[in-house]
Structures are given as structure tokens and as C-alpha cells.
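Per my numbering, residue 132 is the first one in the sequence shown, and the count goes up by one each step.
Some hints could be false.
Have a look at the derived ranges for each label pair, beta carbon to beta carbon [as the list claims (entries may be wrong)]: (1) Arg-454 with Ala-220: 49 to 59 Å; (2) Gln-163 with Ala-220: 29 to 39 Å; (3) Ala-178 with Pro-424: 23 to 33 Å.
Hint data in this document are derived by calculation from the structure and do not stem from the laboratory.
Glycine is no exception: its CB is placed at the ideal position from the N, C-alpha and C atoms.
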Amino acid sequence: MKRRNLLRGALAAGLTAPAIAALTAARTDVDQTLSPDTPQDLADLEAAAESYGYGYHGQAPTRVLADLVTDFTTLRPLLAVPQPAPVRARLCRTAGQMAGMTAIVLYDLGSRRESRAWFATAARAGAESGDDQLYAWVRAREAMVPLNYGAPKAAAGLAEQARHAAGDRPTAAAVLAAAVAARAYALNHQGEQARTALAAADALMDRLPEGERSDTWLTYGEQKHHVHLSHAFTTLGDTRRARESQQRALELSAPTSTMTRTLLNIDAAACSHHDGDTEQACRRAVDALTTLPVDYRTGLVRRRALDLYEAIPAQHHRERAVRELRDVVAG
132 MKRRNLLRGA LAAGLTAPAI AALTAARTDV DQTLSPDTPQ DLADLEAAAE
182 SYGYGYHGQA PTRVLADLVT DFTTLRPLLA VPQPAPVRAR LCRTAGQMAG
232 MTAIVLYDLG SRRESRAWFA TAARAGAESG DDQLYAWVRA REAMVPLNYG
282 APKAAAGLAE QARHAAGDRP TAAAVLAAAV AARAYALNHQ GEQARTALAA
332 ADALMDRLPE GERSDTWLTY GEQKHHVHLS HAFTTLGDTR RARESQQRAL
382 ELSAPTSTMT RTLLNIDAAA CSHHDGDTEQ ACRRAVDALT TLPVDYRTGL
432 VRRRALDLYE AIPAQHHRER AVRELRDVVA G
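Whenever a hint applies, use it, and build me the whole structure from the sequences.
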């Protein structure tokens, strides 16, 4: 409880230097034990990891981050002592899940460097656990960092690593990897590869077992699929299919899925710009951003809104709607 309160306090002011230091200490503390006790403790931690997979549920990302890292550090004493191989595999799997979800929150908050470090720890834990699907999930989620921050070639490489690890079975990790690869190829102006990956993602999604279709960070539901399709088709300029996926994803998104709904609205704004209505695009993006709590107007959301602004030709930058978008993104 003391560590949790300290982390919450450190993160209350955002990702400051002391907050980053606390996160790094927590990560390295467990990371150092991955390669050199009680069953109830492990079961509780596995349940906690499953619970975190349901996302923010209206909580501030920094609060979720503090709680996640607190539980992650609880794994250290269990990993630091000899364990039967099956128990250690479960511990490493839980560590990989928690480290991966910590990386996701950091990525949502815009801290790319720290996110990459946590993904590296998650990948090590996933590899040591022997769970190929966990390893593939980590690599696919990691690919979303360069994907959303201007390095689609690097993203495609990580996504293809994930596809290789996941194999041909219809699993959550396999669908995610194909969908992320499609987005990366679209951003890299490789339309044929993007559409091939989209077809693979759709085929895997059609065969995905019900048990892997729930709406969590660790599984892959229909809503998540349409979020990825929305961005891929928006980037490809296929605005009809993009809008179909945006509508379906919004129908499936809970009102508390604040960041997801905002990103979908920014995709819709980008479609308006692509179809020639730049004023409507800017107004829709501004509406999406100004209704967002201040804690969420960072990182990925800001990056995608900035991408839209930068896609608008310079001769339009003095128009009122475009200036409003610029001011909101800058503010």
C-alpha cells in the first residue's frame, strides 16, 4: 500500500523525472530476476493481471499505472527464489502480461522511451515463460509504438516478428499482429502488402474462438478489430470502408472508452479531409479533443491530431477552422 501511494503521488504531476525514476526502479527490480511463494500469491497476481486487462474504465492512466507497477513489483520475491518449472513459467507469464500492460499505459501517456523499456522486459518474460502467444502479443503491441510515432518500417518489422511467433492458428495475438502489420504497411505506402495483411487479419478474426474475443488488452474483440481497420483504411484512403469500421467500433465501444472513441473520431476527421471537406475535418477533430479530459490530451491522441493538421496544405493554414485545430493541438 505504501508503494502504491508513493507511486500515485509521484505520478500525480505526470511523467516527471522522479516518477520515471520510480517506474524504472520497479521495472529493473523484477527484470533482474527473470534470468539468473505461495500458490495463492500467484493465483492472486494472475487474477490481478486479468483484471488490469480490462483497461482504464474511466480511471486516469497515471492511477492505473501506479496500481499496475505496484502489483508488478510483488512478483520479485516469487521470482527471486527457486520454483518448480511450471510455477516459474506462470510467474514469468504474469510478469510479461503486467510489464506489457505497463508499457501500453506509458505509450498512451506519450512516454515512448519508457514504453520501449517495459516492452523489452515483457518480451524477456514472455520468452522465458515459453508462451509463444504472449511473446507474439508483446511484439505486436510494441510495434504500435513506432507505428504511431512516425516509424512504420520499424513497426512492420516488429509486427512480422509477432506474426511469425504467433503462427497460423487463430489466436488473439495472431489477429493483432496481422492488423498492426496492415496499418504499418499502409503508413509506409505499401498498399498491396497492407491489403494482404488486412485479408489475413479478417480471415483469422472469422475463426477466432469466443474465449479470445472479449474486449481486453490481452484478447482481441470485434471492437478492437474495427479500430485497427479504421486506421488502416483511413490511411489507405478507402474512406467508405474506414467509415464502416468507425461506425461499428463506436457502436461496440463503452462510453468510458474515452481514448478509443477520440481516436476513432480523429480517423473520421481524417476521412473528411481526404474527401475534400477540410473545414469539417478540423471542426470534428477540435470537438473530439475539447471534450476530452486534460489527462488524455497527450501522447497518441495529440500525435494523431497533429498528423491531421500536418496533412492539410499550407495554403489552408490561415483558415479559421484550421487555426482552431492548430491551437488545440498546441495547447
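Each hint tested on the structure:
At roughly 56 Å, the beta-carbon separation of Arg-454 and Ala-220 lies within the given 49 to 59 Å, and the hint holds. For the pair Gln-163 and Ala-220, the supplied restraint of 29 to 39 Å is violated, since their beta-carbon distance comes to about 19 Å. Between Ala-178 and Pro-424 the beta carbon distance is about 29 Å. The supplied range of 23 to 33 Å therefore holds.
Violated hint: 2 only; the structure is consistent with all others.
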